Amino acid sequence: MLSNTDKARYPFAPGASKRASQLTIDELKDESYSKILDRAERRLAQTVETGSAPLEWDDDNVETTSFPVAVYFATILQDDWVKRRFALAESKRASHFLLKEDTNKVIEMATKVFNWKVNVSQTDADTETPVLRIGFKNYVKNALRIREPKWKLTNRELHDGFVRVSKDEAARLLEEEIQGRILSRMDSAPAEPDFLKDRIERLRNLVRGKKGTGPFWELPKTVVFKAMPPCIRNLYDSAHSGKRLPHVGRFALTSFLVNVGADEEDILRLFKTGADFDERKTRYQVEHISGAKGGKTKYTPPKCTTLKTHGLCISPDDLCSQINHPLSYYRRRLRPVLQKDRSHARS
Amino acid sequence: MQEAEAYVREKFAEYYRDNVGELKPPPEMEKREFGFLSFEQGIMIRHRAFKTPTDLQAFIKTTVPAHVYNSTAYYVEPEKEMDRKGWLGADLTFDVDADHIATPCKNLHDRWTCKNCGAKGRGSAPMKCPKCRGERIEEEVWLCEICLERAKEEVVKLLDFLSEDFGFSGRDITVCFSGHRGYHAHLRADEARGLNSDERKEIVDYVLGLGFDPNLHMDTREGRADLMEPRKENLGWRDRIHRGMYEVLTQTSEDELVNWGINRRIAKTIFQRRNELASTWIGGQAGPFPSGIGPRTWETITQKAVEKESAKVDTVVTTDIHRLIRVPETLNAKTGFRAAEIDNIESFDPFNDAVAFKGEETIHVREAPQFSVGNQTFGPYVNRDVTLPASAAVFLVAKGKAMPRRS
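Chains A and B are the protein sequences, given in the same order. Last residue of the first sequence: 374 (the numbering used here), numbering continuous. Last residue of the second sequence: 411 (the numbering used here), numbering continuous.
FYI, nobody ran anything at the bench for these hints, they're computed from the structure. It is possible that part of the hints are untrue.
Stated by the list, open to error - In silico EDC-like cross-links for lysine to aspartate or glutamate, where the CA-CA straight-line distance does not exceed 16 Å: (1) K144(A) to E14(B); (2) K168(A) to E195(B); (3) K164(A) to D217(B); (4) K65(B) to E14(B); (5) K164(A) to E195(B); (6) K330(A) to E203(B); (7) K403(B) to E7(B); (8) K330(A) to D202(B); (9) K164(A) to D202(B); (10) K168(A) to D202(B); (11) K132(B) to D344(A); (12) K325(A) to D87(B); (13) K335(A) to E203(B); (14) K144(A) to D194(B); (15) K177(A) to D217(B); (16) K253(A) to E196(A); (17) K330(A) to D324(B).
To be verified - Distance ranges between label pairs, derived from CB positions: (18) N131(A) to M131(B): 26 to 32 Å; (19) T66(B) to D344(A): 53 to 59 Å; (20) H51(B) to P81(A): 48 to 54 Å; (21) M131(B) to K308(A): 21 to 27 Å; (22) T304(B) to K238(A): 46 to 52 Å; (23) K124(B) to K308(A): 27 to 33 Å; (24) A10(B) to Q349(A): 56 to 62 Å; (25) K308(A) to K28(B): 30 to 36 Å; (26) E18(B) to G288(A): 53 to 59 Å; (27) K325(A) to R277(B): 57 to 63 Å; (28) M131(B) to V251(A): 26 to 32 Å.
These numbers were taken from a predicted model, which means no experiment stands behind them. All residues carry an ideal CB built from backbone N, CA and C; glycine is no exception.
For reference, chain A alone in the conformation it holds in the complex:
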């Protein structure tokens, strides 16, 4: 069972805050909630400002109940940057405590709070700690978001559907799970009640101030070939010479091009040399990917790991090791180029 301190540490656990789950928005108006509202505002404000959530508190109950209220505030702000920042900071906060817990507590969190499949076997002779294995589905879902090679399933001990992890690794995976859960709680778009107006406005100003300071620049309007990542360049050259591309390759190339400002006619012309060119079909595909047809959503190219799986990651260079999406590569390559242009214009 979770103690009051546990609940304050892990306020996202179902049933952590009985008070909050039965709470209506109107009740928050009551004077007795002002402490909770203050704490919730502080919680979110600090996250916006510093990127991390407060690790200390006075009153367990206030701390626990302020969490769902802070989620509520973040949801009202309707800003994806805030949501992501908040979910990340809160999951890091939880992970800070989880890393200090003993194995049993970590297991309890995984099984009771998140319904993970966990298999604990006899103590390992070398380390004298229980051997922990978690269901591959729980493992994969969360490890996918961590980039280091040691998290890749291929590099793990996987047997009979379970992946062996250390206690600290389990805590790290829980952090990802918590982040995902918090994000999914901020999907709706609630109305903004009058009595919260001042608080929300203060937070909004804070966000504006924080986001406004970042460097701002736009991608150039036309495609800059020398900024293309090697994978896309390779696909482009193949298409250009009339070689038949696999479907995934075609999709990666087209979606990349529509995202960096190529127009549909240029893309069509590129595929025209292909042995199997069918104008009607190609036009449909290009329009679909650019969002002009069908779902109306503009598709983005697959990320690096997906391109790797399909064998499309060809001769990666130094920059490739720092990014995980072909569009990030393009943006990064262009940044110094743009700066150079600007300084050139100034002189």
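Take the given structure of chain A and dock chain B to it, following the hints.
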């Protein structure tokens, strides 16, 4: 319709008229999308749904499609357009195809033609035409026992990954012949149903051994290659790599090692001491290994071991959660074979167990390499009339190697 196509269609019509009742649609058929490729100009009919086996059977019998597919996915409303179907989950599906496997026999039975300069060659099509450097190359592929046998080995490895490593029960896996050059494995388990595309990708990467990092499994510094954490149980890839290393070390010649980019002197040492080296791998014991065999060499050899142990599956089929795949027991118009459900992959022989047509047919064969159906071997034929078991005749016509004879 071309004469050859009309002939194959007629044979399909006869087959479905008599046998369509035995066709077993996949479980929960009412939640799946069905697709059909017609003989007429290869038109694709998609977004069809059927409530009962009888409805589907009647449709196939009347329309006689060249290919019949169903979605690996389950939908709320399978007949709606893609964005509005309401995805509920999907089988975990694998496609193993001889196309992805290098076999020596491809030099005997596969051909390519450069669409640019007309150059021709044998084996798998090169990336670029060796004559004109053109990249527009047309491939003509054949299926033979050796290729299918290699594909089978990949399926066996895949099944081992699925049960040993992922813990799936064999009862949840159905293996089918694709009707052409490969096999499909359909895994239907609650545990797999809700997996998203990224999660499936991770499973594909695992069976392919993609991202395997030797440094995480062994200590390759100072020329040693012992396990980083020797444990009683070495599970997952760490176990497979041991077996793979053993095989690679004992089966590779000195020249092959050199071909992999290993220096001749080191290759000689490895080859001479291969048995000793291999047994330390199986035992999972630390070196000491001969000096000069550095981390780079070990990484090269490990990569070969990964290739040996991995199951070569198609990466797109498994990761596409809206995929259409051939319905088991329907006919494949590329060959006329049944996409037969397979009980025992080890003993399955497509030329015997996947034939659909009875009786004999006389056809005019333009050119065909030697091939066997059942226990009989046929060909090679050049430009002559032959009377063959119906399945072999349809196969040659479907492959474009023969024409029906007007009787």
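Hints versus structure:
Annotation: proposed proximity of K144(A) to E14(B) is violated, straight-line Cα distance about 54 Å (limit 16 Å). Straight-line distance between C-alpha atoms of K168(A) and E195(B) comes to about 13 Å, which keeps the hinted pair within the 16 Å bound. Straight-line distance between C-alpha atoms of K164(A) and D217(B) comes to about 22 Å, which puts the hinted pair past the 16 Å bound. In summary, the hint linking K65(B) to E14(B) is supported, as the alpha carbons are separated by about 12 Å, within the 16 Å threshold.
Restraint check: the Cα-Cα separation between K164(A) and E195(B) comes to about 8 Å, which is no more than 16 Å; the hinted pair holds. For the proposed pair K330(A) and E203(B), the alpha carbon gap of about 14 Å is at most 16 Å, so the pair holds. Taking the CA atoms of K403(B) and E7(B), the gap is about 13 Å. The hint holds against a cut of 16 Å. Proximity of K330(A) to D202(B) is assessed by CA-CA distance (about 10 Å); at most 16 Å being required, the pair is judged to hold.
For the given pair, K164(A) sits about 12 Å from D202(B) by alpha-carbon distance, which is consistent with the 16 Å threshold. Straight-line distance between C-alpha atoms of K168(A) and D202(B) comes to about 8 Å, which keeps the hinted pair within the 16 Å bound. Proximity of K132(B) to D344(A) is assessed by CA-CA distance (about 24 Å); at most 16 Å being required, the pair is judged violated. With a C-alpha separation of about 14 Å, the suggested pairing of K325(A) with D87(B) holds against the 16 Å cut-off.
Restraint check for K335(A) and E203(B): satisfied, since their Cα atoms lie roughly 14 Å apart, inside the 16 Å limit. Our distance criterion of 16 Å between C-alpha atoms is met by K144(A) and D194(B), whose separation comes to about 14 Å. As the CA atoms of K177(A) and D217(B) are separated by approximately 8 Å, the hinted pair is consistent with the 16 Å bound. With a C-alpha separation of about 40 Å, the suggested pair K253(A) and E196(A) falls outside the 16 Å cut-off, and the hint is violated.
Straight-line distance between C-alpha atoms of K330(A) and D324(B) comes to about 15 Å, which keeps the hinted pair within the 16 Å bound. As the Cβ distance of N131(A) to M131(B) is approximately 57 Å, the hint placing it in 26 to 32 Å is violated. A hinted range of 53 to 59 Å holds for the C-beta pair T66(B) and D344(A), which are about 57 Å apart. Between H51(B) and P81(A) the CB atoms are about 53 Å apart, so this pair conforms to the stated range of 48 to 54 Å.
The hinted range of 21 to 27 Å is satisfied by M131(B) and K308(A), whose Cβ atoms lie roughly 24 Å apart. Taken as a hint, the range 46 to 52 Å holds for the pair T304(B) and K238(A), whose Cβ atoms sit roughly 49 Å apart. At about 29 Å, the beta-carbon gap between K124(B) and K308(A) stays in the expected band of 27 to 33 Å. A10(B) and Q349(A) have their C-beta atoms about 59 Å apart, which keeps the hinted 56 to 62 Å range intact.
For K308(A) and K28(B), the hinted distance range of 30 to 36 Å is satisfied, since their beta carbons lie about 34 Å from each other. Checked against the hint of 53 to 59 Å, the pair E18(B) and G288(A) passes, with Cβ atoms roughly 56 Å apart. In this structure, K325(A) and R277(B) meet the distance hint of 57 to 63 Å, their C-beta atoms being roughly 59 Å apart. Separation of M131(B) from V251(A) is about 27 Å and conforms to the stated range, judged on CB atoms against 26 to 32 Å.
In this structure, the hints that do not hold are numbers 1, 3, 11, 16, 18, in rising order.
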